[in-house]
Structure formats: structure tokens, C-alpha cells
Amino acid sequence: MPATLHVNGIRHTIDTPGRSLLTILREDLDLTGAKYGCGEGQCGACTVLVDGRPTRSCQTTAGAVAGKQITTIEGLEENGRPHPVQQAFLEVDALQCGYCTSGMILGAVALLRKTPQPSRADIVRAMEGHICRCGVYPRIVAAIQRAKVSS
Amino acid sequence: MTTEPERYELAQGPAYRFELDRRDFFQLLGAGLVVVLTLPAQESGRGGRRGSGAAPKEIAAWLHVGEDGLVTVYTGKAEVGQNTRTALTQAVAEELRLPVASVRLVMADTDLTPFDMGTFGSMSTPQMAPQLRRAAAAARELLLDRAAGRHGADRASLKLESLPIGQLTKGQKLTRTIDAAVPISPPAGRSTHKVDGLAFVTGKHKYTPDLKLPGMLHGAVLRPPAFGASLVSLEPQTLPGVTVVRDGPFAGVAASTPEEAARALQSLRPEWKSAAQPKGQDLFRILKDQASDGRPAHTAGSIPDGLAASDRKLVQTYTVAYIAHAPLEPRAALAEWKDDRLTVWTGTQRPFGVRGDLAQAFGIPESRVRVIVPDTGAGYGGKPTAEASLEAARLARASGRPVKVVWTREEEFTWAYFRPAGVIEVSSGVTQGGLLQAWDFHNYNSGASAIRTLYDVPNQRIVFHPAPSPLKQGSYRGLAATANHFARETHMDELAHLLKIDPLEFRLKNLKDPRLRAVLEAVAAKAGRGWGIAGGFEKGSYVATAAGIDIHPRTGAVKVTRVVAAFECGAVVNPDHLKNQIEGAIVQGLGGALFEAVDFDGGRILNPRFSRYRVPRFSDAPEIEVLLLDRRDLPSAGAGETPIVAIAPAVGNAIFHATGHRLRSLPMVPAGLKS
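Protein sequences, first through last, are from chains V and C.
First residue of the first sequence: 1, per the working numbering; consecutive thereafter.
First residue of the second sequence: 1, per the working numbering; consecutive thereafter.
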């Protein structure tokens with residue numbers, strides 16, 4: 001049975017709800033901001049928001065999130081302007097190769113919605129499931145703390 | 001400044017390389033100014049054969065100022081997260097006295113950019129940046145000449161920024177070839193954000209796995225069950241809509257979705273012949289037993305004499321495990337054959353090398369192969385090779401359609417290659433007053449980078465002993481400099497302890513090199529009580545690192561809480577991006593220092609997943625303070641690698657000071673400190 005996905009405010013009908021959300025986003029909807037990094041929910045590169053909650057799209061079937069609001073990195077800009085978290089990542093240069101960045105930013109957005117003034121410990125706890133192999137963690141913490149001021 | 005030869009550094013170029021006809025390319029460029037910089041082949045990094053007579057001139061870089069006033073620079077270097085795109089853009093913009101935003105870099109495209117050996121060895125900043133500066137300086141002068149002639153203005157008062165630079169060639173194409181003799185400016189040393197950062201934070205940047213072509217298929221490759229196993233037979237199979245290829249040792253499939261390709265792969269019935277492979281637990285014995293005598297990297301005086309002159313002697317063995325690069329973007333390639341030409345998009349540090357490998361594998365001339373490198377999700381020394389490109393191209397040829405191959409994480413952990421494991425034996429002698437007399441240093445297998453010591457020792461023998469490696473191994477950020485510094489700087493700490501001399505004082509007592517002294521003194525001034533300290537030198541850069549740790553009283557888990565790093569690489573190009581590289585190298589280095597190790601047995605990797613191979617995460621990152629010793633009077637050296645070399649011994653030395661346990665194996669505490 002087809003499933004309905006709401007991605008970045010747009011409705012899509014999906015004929016293959018058993019496939020992973022990551023594959024659907026990347027292959028069918030051309031939303032390649034979410035990345036494959038490990039396929040076991042360990043690295044966070046595939047993170048998207050489902051009803052505001054950070055979700056590992058590689059571990060989620062499309063059918064399981066039918067009807068829910070899905071936000072990918074492509075849907076984060078508002079009126080063509082970067083989201084405050086995106087802006088903070090740019091200002092702090094909280095990226096090197098950038099492959100983990102989409103997932104990091106969405107994880108941070110979810111954290112800030114729940115905890116607008118996160119401590120360093122809050123950030124580490126919330127972001128521990130995200131891997132940055134370039135080791136930019138201190139800057140990502142700084143970016144999230146900077147974004148909390150402006151958002 | 002010399003760099004030790006390193007057998008795991010990337011391969012030399014071919015013995016001959018014939019002039020390519022670039023007229024086709026230049027015809028594609030519109031009107032405006034084209035500046036072509038030629039250099040002797042040696043200097044362009046192409047090498048050339050020793051003793052082959054007069055070195056031919058090679059094109060090192062070209063630059064185009066378009067009618068729209070945009071400056072486009074073409075370089076064969078690749079962006080793999082080290083932010084060289086930003087650093088090189090800055091170099092050109094500074095030389096033109098134009099804003100960074102008016103300069104665009106076309107990188108790592110074998111049809112559009114000049115030949116380049118590859119992006120490795122921290123060479124982009126010391127070599128490519130000055131070359132691009134020469135092209136830019138020449139362009140600036142030519143444009144100013146024309147502007148002055150045209151407007152009759154005072155040349156000295158003209159600035160490119162306020163001139164219609166795209167119009168100065170009056171709709172014509174002006175091509176100038178220049179040689180090296182163009183004066184250039186030193187780097188301004190200003191921080192600039194990642195030039196195309198917006199594309200990354202918005203998810204718009206397309207890495208190789210994100211690319212798509214019309215009609216594209218997804219490929220998957222049949223892997224042996226273990227290293228050394230070979231494919232004996234593959235039952236012929238017809239799967240609807242699936243291309244199955246068997247070609248010698250290669251077998252793979254291509255299908256319209258990644259899932260179909262994975263299912264098709266599962267349904268294959270291969271027969272394998274396995275070969276005996278070593279046990280993981282025998283690794284260090286094998287490396288030691290099977291190593292060759294090697295050739296000394298350095299000798300001075302006589303070791304027996306030095307030991308005879310010593311009051312105290314110390315003999316110790318250090319070991320280093322295999323570790324994986326594990327870049328978050330796995331190896332990937334998209335290949336397309338069109339009119340007998342092959343185009344491959346792939347994340348690699350060596351586009352021209354990959355082009356050569358493809359040409360050789362398919363028996364076609366290099367002129368019929370184009371390799372394009374989208375800015376890549378990191379390499380750390382792990383992406384010079386062509387595996388995914390060859391696989392995608394083979395499947396594309398068989399299916400007649402473009403094919404994309406993206407390695408799984410498990411493939412990346414298993415079929416890429418590792419930083420070499422090694423055994424290092426050090427035998428030293430020192431006077432009671434703390435002066436080194438003998439230094440006998442033997443590295444088995446891990447490599448010769450930074451194998452020599454900067455400490456002053458009258459009697460030295462330093463030898464690298466190559467050995468057959470049980471696993472596939474190759475270059476890794478910093479190469480063996482990490483292993484050699486771990487052994488050397490741990491051993492120095494042990495000697496200081498033996499003599500009851502402060503570790504910093506002991507180092508300085510035996511060290512004349514002012515640049516290494518400067519970084520050591522800089523971190524020592526900031527280090528806390530009981531911290532570990534270590535210093536070193538590699539690829540033109542000096543680093544000293546001090547680390548403070550915390551040990552969990554119950555679990556014995558070691559947490560590195562604070563790190564101070566002093567770094568000196570000549571004139572700083574972009575202070576903030578340099579700090580970013582140093583911070584990242586420290587965090588990445590903590591993985592290999594504390595817990596990363598490839599676990600294997602009988603040719604199988606036992607931990608080929610992030611759930612079983614621990615890499616540094618947020619909670620592992622210490623508070624890091626970086627001290628940049630900016631030497632405006634010295635040329636800039638590369639800085640992507642050297643900051644990684646001193647963190648492991650600094651942490652090990654801190655653990656010793658805190659607990660009295662001397663740890664001589666990397667990783668040091670994969671399961672915490674045992675009581």
C-alpha cells in the first residue's frame with residue numbers, strides 16, 4: 001500500500017514504503033543532503049527531523065513515518081536565508097569536509113528546540129551519536145552555543 | 001627542510017609524460033586574459049627522471065580573467081576537507097588585491113586542470129600556493145599595464161578592484177605564458193571562512209555519492225570472504241534487469257536501485273579458494289621476524305662507543321596497531337562511457353593517478369579518460385587509489401549505462417587499507433648529567449617518516465626495516481611520523497624519569513634546534529601540573545603538545561580533558577583554518593592514541609563497523625588551546641598532517657605521571673586503564 005510522506009512541507013506518495021527513508025529521500029526525491037555513513041545508525045550523517053525529533057533515516061522505513069512532518073537539511077532555510085544554526089556553523093567554521101554537517105545541524109536544531117539554552121554537557125549528550133571524522137567537535141559545540149543566542 | 005623518503009607515500013609518476021595538446025581547452029575559455037605559468041618539471045611536482053638531462057617545462061597553473069571580471073584559477077589539487085580550496089583562493093585574491101569572492105577555483109579535473117601528482121604530503125600550501133601567486137601576480141601586472149595604457153592614468157594609483165578588468169582585453173583573448181621569475185607577496189595571514197561553506201551547511205554540495213546521471217545504474221561488487229581468497233568460479237546467472245560481470249578476479253552487478261543491486265549480489269553463487277592468513281595475535285611477532293635488515297636512515301658515531309660513555313641505558317619496545325581512516329564519505333565513483341571516452345567522478349586525492357590507472361586497466365590512452373573530483377568527504381591519506389573508479393567503470397562498460405558504486409561502511413573498513421602497524425625498538429644511553437650519548441632506533445614496518453631525531457646525540461643509528469604486512473596498508477595523515485614520535489617522545493620521557501630530571505628540561509638540555517625549542521617552551525608555559533608533554537617536527541612544521549587527563553576511579557577510563565598545542569609552520573596563511581586543522585588533528589589523533597585498532601584474524605576484519613570500531617566522539621574531545629607561532633620571515637609549510645604527531649606521546653606521558661603506568665602500545669587504553 002502506498003504511503004504519504006510530508007517532506008519539507010511537500011506531499012509525496014511513495015509506492016515502496018518498506019524501503020529506508022534515507023534511500024527514498026536520496027534516490028526518489030533527490031534530497032541528497034542526508035548522507036549514508038554507516039547504515040547502522042551509529043554516525044548520524046543520515047539524520048533528519050521527524051515531527052521535530054532527530055531520526056536516523058537509514059534505520060527508518062518510509063512507511064514508519066507516513067503522515068509525519070519530515071524536515072531535511074534542504075528544508076531548513078527560511079525565506080531563502082540560512083537557519084541560525086546553519087549561520088552559526090558558517091561563522092565558527094564548524095566544518096572541514098562537511099560530510100557530517102547536515103546531520104550535525106539537524107541534530108543541533110532539534111536540541112535547541114527542546115533546550116534553548118543547552119550547557120556543554122547537554123550538547124555532548126544530545127550530539128554523542130554524531131561522528132565527525134575531521135574532529136571538529138569543539139567548534140560544533142561553539143556553533144551550537146552561538147546559535148542558541150541568536151535563535 | 002628535507003622530508004624523509006616514505007615508502008607508503010604515493011607512487012612516483014610515470015617515467016615519461018608527453019606534452020598534451022591544451023589548445024582544445026583554451027579554445028573553450030572565452031575572451032579575456034589567460035595566464036599560463038610554466039615551471040621546470042622538477043618544480044611542478046611531476047618529478048621527471050633523474051639524470052634524464054634538461055628538465056622540460058611543464059604547465060603548473062593557469063588563470064583566466066573573464067569578460068565578466070571573474071577570475072577562474074585551474075589547479076589539479078583536490079579539496080578533501082583540509083580547506084585548501086579556501087587557502088588557494090586566498091592566495092590568488094591576495095596577489096590580485098581583489099576580494100576572495102571574485103576568485104573561483106576549478107580543482108582536480110583532468111580535462112581542465114594542469115597535471116598534479118596528487119594532494120598529499122602537505123604540499124599544497126608550500127608548493128601550489130606560490131605557483132598560483134605567480135600566475136596571479138603576472139595577471140595583475142598585465143592588467144595594470146593595459147589599464148594604465150588605456151586610461152593614461154598613473155599606474156601606481158590604479159587598483160584592480162575598481163577597474164573593469166574583464167574589459168581590458170577589449171573582447172579579445174590574450175594569452176600570456178610566464179616562467180617562475182615573478183615576484184610574489186607573502187601571505188597576508190588573514191582568516192577567511194570556507195569559501196563555499198554555504199553549499200555545505202545547506203546540503204547543496206554534491207559529493208560523489210550524491211551524483212546522478214540519466215539512466216544511471218547502481219553497482220555492487222562481490223568481495224571475497226577473507227583477504228587472500230580468490231574467486232574460483234561463479235555460476236552463470238541471468239537476473240532480469242541486472243548486469244552481472246565476471247572478469248578475472250573481479251565480479252560485480254549493476255541494477256536500477258541500490259537495493260536491487262544488493263539483492264542481486266546476494267543471489268550470486270561464487271566459489272572461493274582461501275589461502276592461509278596470519279592470526280591477529282601474532283602481528284607484532286610477524287612484523288619483527290619477517291622484517292628485512294633495512295637501510296639506515298641516519299648514522300653518526302658508534303653506538304657501542306655511545307653506550308660505553310653512558311651512565312644509564314634504556315632498552316624499550318613500542319608497538320602501533322593498524323588503524324582505519326574511516327572517512328565519513330566512503331569510497332565512491334560514478335562512471336560513464338560516451339563515444340569511447342570514459343568520465344569518472346570520484347573522491348580521490350590523486351585524480352591524475354586514477355586517470356592513469358583507468359587508462360591502463362582498460363587499455364585506452366589517457367586522453368580518452370577524464371577524472372573529476374567533487375570536493376570530497378575527507379581522505380586523511382586514505383584516498384589516493386582507484387578501486388571504486390575501476391569497479392564503476394567496468395560495470396558501466398558492461399551495462400552500457402552510467403554506473404555508480406558507493407562502498408558500504410563494511411567494505412570501507414575491510415577493502416580499503418590501513419595505517420601500517422609497527423614495532424619500534426629503542427636502545428639509548430645517557431650521562432648522569434642528562435646528556436644523550438647513544439640512540440639506536442629501529443622501526444619495523446610502520447615507516448620512515450620523521451624517523452630521525454632532532455635531539456643532539458653524538459652516536460646514532462636509525463633504521464627502518466620493511467616487512468611483509470599481513471593486512472593491506474598505506475598512507476595515513478602524518479604517515480609513520482605518529483608512530484616514530486610516539487616511540488621517541490615516550491622514550492625521552494622514560495629517560496627523564498630514570499634520571500629524575502624534569503621532562504621538558506631533559507629535552508631542552510639535548511636540543512639546539514631553535515624552532516622545536518620554541519614550540520616546546522610555548523606549551524610548557526601553558527601546561528598544568530602533571531601534564532604530559534611531547535614535541536616534534538615533520539614536513540617543515542614544528543609542533544609541541546601538552547595534555548591533561550582524568551582517570552575514572554571505578555572504570556579506569558582515560559579522558560583527555562585539556563590539550564595545549566603550539567604549532568609553527570612558517571608564515572601562517574589563514575590563522576582560523578590553521579587552528580581548525582590543528583584541533584581536528586588532535587581529536588583524530590586521540591582515536592589512534594587511546595582506542596582505535598583494527599581487529600583481525602585469519603584474513604577477516606572483526607570490527608568493520610562504527611559500532612565495533614570506536615572513533616572519537618563529542619565526549620572524547622578535550623578543551624583545546626592552540627598557540628600559533630607565526631613566523632612571517634619563513635615560507636609557509638603545509639599543516640594538515642604534522643599537528644597529529646605529538647598527541648599520543650603527550651597523553652601517554654600524562655598517564656604515566658598520573659599513575660606510574662608506562663604505556664608503550666598504541667592504542668594505549670582500548671578498554672580503560674586496568675587496575
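It should be emphasised that the hints constitute simulated quantities derived from the structure, not laboratory data.
No residue lacks a Cβ here, since even glycine has one placed at the ideal position from N, Cα and C.
Check each hint, because a few of them may be wrong.
[Stated by the list, open to error] Which residues of chain C face chain V? A partial, calculated answer using Cβ under 8 Å: (1) Gly189; (2) Glu259; (3) Thr317; (4) Pro327.
[To be verified] Simulated crosslink set (DSS-like; lysine-lysine; CA at most 30 Å straight-line): (5) V:Lys68 with C:Lys206; (6) C:Lys674 with C:Lys313; (7) C:Lys313 with C:Lys500; (8) C:Lys338 with C:Lys212; (9) C:Lys500 with C:Lys674; (10) C:Lys472 with C:Lys526; (11) C:Lys204 with V:Lys68; (12) C:Lys288 with C:Lys526; (13) C:Lys273 with C:Lys512; (14) V:Lys148 with C:Lys212; (15) C:Lys212 with V:Lys68; (16) C:Lys512 with C:Lys500; (17) C:Lys288 with V:Lys114; (18) C:Lys313 with C:Lys472; (19) V:Lys148 with C:Lys159; (20) C:Lys559 with V:Lys114; (21) C:Lys338 with V:Lys148; (22) C:Lys288 with C:Lys212; (23) C:Lys526 with C:Lys279.
Results for each hint:
no. : hint                   : result
1   : Gly189                 : violated (16 Å)
2   : Glu259                 : holds (7 Å)
3   : Thr317                 : violated (29 Å)
4   : Pro327                 : holds (6 Å)
5   : V:Lys68 with C:Lys206  : holds (27 Å)
6   : C:Lys674 with C:Lys313 : holds (28 Å)
7   : C:Lys313 with C:Lys500 : holds (14 Å)
8   : C:Lys338 with C:Lys212 : holds (16 Å)
9   : C:Lys500 with C:Lys674 : holds (26 Å)
10  : C:Lys472 with C:Lys526 : violated (41 Å)
11  : C:Lys204 with V:Lys68  : holds (24 Å)
12  : C:Lys288 with C:Lys526 : violated (40 Å)
13  : C:Lys273 with C:Lys512 : violated (58 Å)
14  : V:Lys148 with C:Lys212 : violated (37 Å)
15  : C:Lys212 with V:Lys68  : holds (28 Å)
16  : C:Lys512 with C:Lys500 : holds (22 Å)
17  : C:Lys288 with V:Lys114 : violated (55 Å)
18  : C:Lys313 with C:Lys472 : violated (36 Å)
19  : V:Lys148 with C:Lys159 : violated (42 Å)
20  : C:Lys559 with V:Lys114 : holds (28 Å)
21  : C:Lys338 with V:Lys148 : violated (51 Å)
22  : C:Lys288 with C:Lys212 : violated (48 Å)
23  : C:Lys526 with C:Lys279 : violated (45 Å)
Taken one by one, the earlier hints fail for this structure at numbers 1, 3, 10, 12, 13, 14, 17, 18, 19, 21, 22, 23, listed in ascending order.
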